[in-house]
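**Q** Letter by letter, the chains look like this.
Number of protein chains: 2
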Amino acid sequence: MKILTSESQTQTLFKYLTSSVVPRPIALVSTRDKHGNVNLSPFSFFNVFSANPPILVFSPARRGRDNTTKHTYENLLEHKECVVNIVNFDIVEQMSLSSSEFAKGVNEFVKAGFTELESDHISVPRVKESPIQIECKVDQVIALGDQGGAGNLVLARVICMHIDDDILDSDKNIDPNLLKAVARLGQNYYSKAYGEALFQLNKPAQNVGIGFDALPKEVLNSKVLLASDLAQLASWPEMIDETEVNEYKLIELSELFLEHEDDAKALEIALHKKAKLLIEQKNIEQALMCVLAFNN
Amino acid sequence: MKILTSESQTQTLFKYLTSSVVPRPIALVSTRDKHGNVNLSPFSFFNVFSANPPILVFSPARRGRDNTTKHTYENLLEHKECVVNIVNFDIVEQMSLSSSEFAKGVNEFVKAGFTELESDHISVPRVKESPIQIECKVDQVIALGDQGGAGNLVLARVICMHIDDDILDSDKNIDPNLLKAVARLGQNYYSKAYGEALFQLNKPAQNVGIGFDALPKEVLNSKVLLASDLAQLASWPEMIDETEVNEYKLIELSELFLEHEDDAKALEIALHKKAKLLIEQKNIEQALMCVLAFNN
Chain A
1 MKILTSESQT QTLFKYLTSS VVPRPIALVS TRDKHGNVNL SPFSFFNVFS
51 ANPPILVFSP ARRGRDNTTK HTYENLLEHK ECVVNIVNFD IVEQMSLSSS
101 EFAKGVNEFV KAGFTELESD HISVPRVKES PIQIECKVDQ VIALGDQGGA
151 GNLVLARVIC MHIDDDILDS DKNIDPNLLK AVARLGQNYY SKAYGEALFQ
201 LNKPAQNVGI GFDALPKEVL NSKVLLASDL AQLASWPEMI DETEVNEYKL
251 IELSELFLEH EDDAKALEIA LHKKAKLLIE QKNIEQALMC VLAFNN
Chain L
1 MKILTSESQT QTLFKYLTSS VVPRPIALVS TRDKHGNVNL SPFSFFNVFS
51 ANPPILVFSP ARRGRDNTTK HTYENLLEHK ECVVNIVNFD IVEQMSLSSS
101 EFAKGVNEFV KAGFTELESD HISVPRVKES PIQIECKVDQ VIALGDQGGA
151 GNLVLARVIC MHIDDDILDS DKNIDPNLLK AVARLGQNYY SKAYGEALFQ
201 LNKPAQNVGI GFDALPKEVL NSKVLLASDL AQLASWPEMI DETEVNEYKL
251 IELSELFLEH EDDAKALEIA LHKKAKLLIE QKNIEQALMC VLAFNN
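Protein sequence lines correspond, in order, to chains A and L. 1 is the number of the first residue of the first sequence in the working numbering; add one for each residue after it. 1 is the number of the first residue of the second sequence in the working numbering; add one for each residue after it.
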């Protein structure tokens, strides 16, 4: 399917953009107006964008329906401070309730059952029930348009982060399984960023990998190894020299070579199967020697 | 734990910001320089920020280590087009490989085993293996600072979206279980936004909910109902009138009232347990009548 934006309605674009750029982290943002009336509302057009200076960006967009603006946006024009409260599974129902369109001046802390906690550096309260509360000063608000559906980039400079000790591991790192963050997808979907959903990938070495182009052709065309397997072989920082491959072949693969002496195709498959197993065990160097042994 | 940004090093801020604002969607961005050399690199400082105009924002930040800039950033100053390719589980290993710091001019499509596909409206190739490819023209690049760790907001206007038919359901909506999107957390963590991780919440009604402040005090202090249960009761659009509650009490709750005739505390707990069950069954109206019946 192809969607040309110049020929599409805002509603259609909204639907496909919000179900394509997923999962989106959720900012539960507290603000106040010039009279001190507090507001609380969630935004998933949100992320961190810089560490130095530390900048978060979120977008209280103009409503597609009638081009009205949100109270958060109006408040930020009057009072340039906010708290970005991180949303976890325990408070996701209350967060959802706070997104209802309560009348101007209504305090969503009260409506959604949240507790106001005084901030240290700004005059906007934080959400006690949120595991991470980030006090911010707003540097700039950039309007991306003036029609319904137009975003407003709020550039929020982080002044101070409050992190619940209960979500830290023994090294004072945030443990995603204790944080239990949730995120927004399209339609009515949310996702959990913990438990079964979590996995780890090693960061690529400072030394760059050898690349797919360094792998032999029959390895690239393997019926056993998937692209994700090949990617791990191609991440190895340097090509392994022939002598080393030969040594590995003699010690570890002689039985396999003997077994398939008369059938090169079967040997290739056997070597790739063994390599796949080694990749699963995160033994990339041996896996690479295993596939290279075929032509050695 | 409290982190004051004015007293913290960039590295520390980076660590806590990237493990707090989670999970972050991943843009695998293809660009080209003025000579036509292609580059491909992933960014998790990324989100959609507007539907009208349709705008994605991502940040190829200055390196914290040595304040050098990324090839993606340099290319975008020379040639203001890019493709944002969405990353799913099938290509996450290749995406990770493409994030290695290959030398300037090296084509990461080749190194990471991706296939270049010609774009329809711009002269930058898309990633064939990505389930959603978004052709963009870059409106603006906003530098958030000039030191190591400074973000650069790339405002990318969407021209055209290519969506693989295989990830659409029968209504032509994107099915998250077919898309299999992955996202970035802190440290080496990633998360899957499909399968067990998915859940749904009904969008709050256009009619706003009654709010926590409309619930009786003994319900707010319930030992049975959690804040997430109360949030669902408080989302009901209007208070239920006494006559209706009485009718429900007579028909559905008379046995419960009879059983606990002499023990108000036990009755309250029994009513809240029944309400909790009804909330789990998404029968919010009856759950609300159930807790209101106590004082009726």
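There may be inaccurate statements among the hints.
Put simply, identical chains are the same to the list, so a pair is met inside one copy or across any two.
Stated by the list, open to error - Only pairs whose alpha carbons sit at most 27 Å apart, straight line, appear in this in silico DSSO-like list of lysine-lysine:
#1 K137 x K273
#2 K80 x K2
#3 K137 x K276
#4 K172 x K15
#5 K104 x K217
#6 K180 x K203
#7 K34 x K274
#8 K273 x K203
#9 K223 x K180
#10 K104 x K203
#11 K34 x K70
#12 K128 x K249
#13 K2 x K273
#14 K104 x K180
#15 K249 x K137
#16 K273 x K249
#17 K70 x K249
#18 K249 x K15
#19 K180 x K2
#20 K223 x K274
#21 K70 x K265
#22 K180 x K217
#23 K70 x K273
#24 K15 x K128
#25 K180 x K128
Honestly, the hints are just simulated from the structure, not real lab data.
**Q** Regarding K70 and K273, is the shortest C-alpha distance of 27 Å or less found within a copy, between copies, in both, or in neither?
**A** neither (57 Å within a copy, 38 Å between copies)
**Q** Cα distance capped at 27 Å. Does K104 pair with K203 within a copy, between copies, both, or neither?
**A** Classified as between: cross-chain Cα gap 20 Å, same-chain 47 Å, threshold 27 Å.
**Q** Under a CA distance limit of 27 Å, which applies to K104 and K217: within one copy, between copies, both, or neither?
**A** This pair counts as between: shortest inter-copy Cα distance 26 Å, intra-copy 65 Å.
**Q** Should K137 paired with K276 be assigned to within, between, both, or neither, using CA atoms and 27 Å as the limit?
**A** Cα proximity of K137 and K276: none, with 51 Å in one copy and 41 Å across.
**Q** One pair to classify: K2 and K273, alpha carbons no more than 27 Å apart. Within, between, both, or neither?
**A** Intra 39 Å, inter 50 Å, cutoff 27 Å: neither.
**Q** Since the copies are identical, ignore which copy is meant and state whether K137 and K273 lie within 27 Å (CA to CA) inside a copy, between copies, both or neither.
**A** neither (56 Å within a copy, 44 Å between copies)
**Q** If the cutoff is 27 Å on CA atoms, where do K223 and K274 land: within, between, both or neither? Let me know, please.
**A** Within. Shortest intra-copy distance 13 Å satisfies the 27 Å Cα cut-off; inter-copy 56 Å does not.
**Q** Taking 27 Å as the upper bound on the Cα-Cα distance, should K15 and K128 be classified as within, between, both, or neither?
**A** between (33 Å within a copy, 23 Å between copies)
**Q** At 27 Å max between alpha carbons, let me know whether K273 reaches K249 within a copy, between copies, both or neither.
**A** For K273 and K249, only the intra-copy Cα distance (15 Å) is at most 27 Å; the inter-copy one is 66 Å.
**Q** How would you classify K180 and K203 at a CA-CA limit of 27 Å: within, between, both, or neither?
**A** both (23 Å within a copy, 21 Å between copies)
**Q** Up to 27 Å between alpha-carbons, please classify K70 paired with K249: within, between, both or neither.
**A** neither (67 Å within a copy, 41 Å between copies)
**Q** With 27 Å as the alpha-carbon cut-off, assign the pair K180 and K217 to within, between, both or neither.
**A** Intra 44 Å, inter 29 Å, cutoff 27 Å: neither.
The structure is inconsistent with the numbered hints 1, 3, 7, 12, 13, 14, 15, 17, 18, 21, 22, 23, although it conforms to all the rest.
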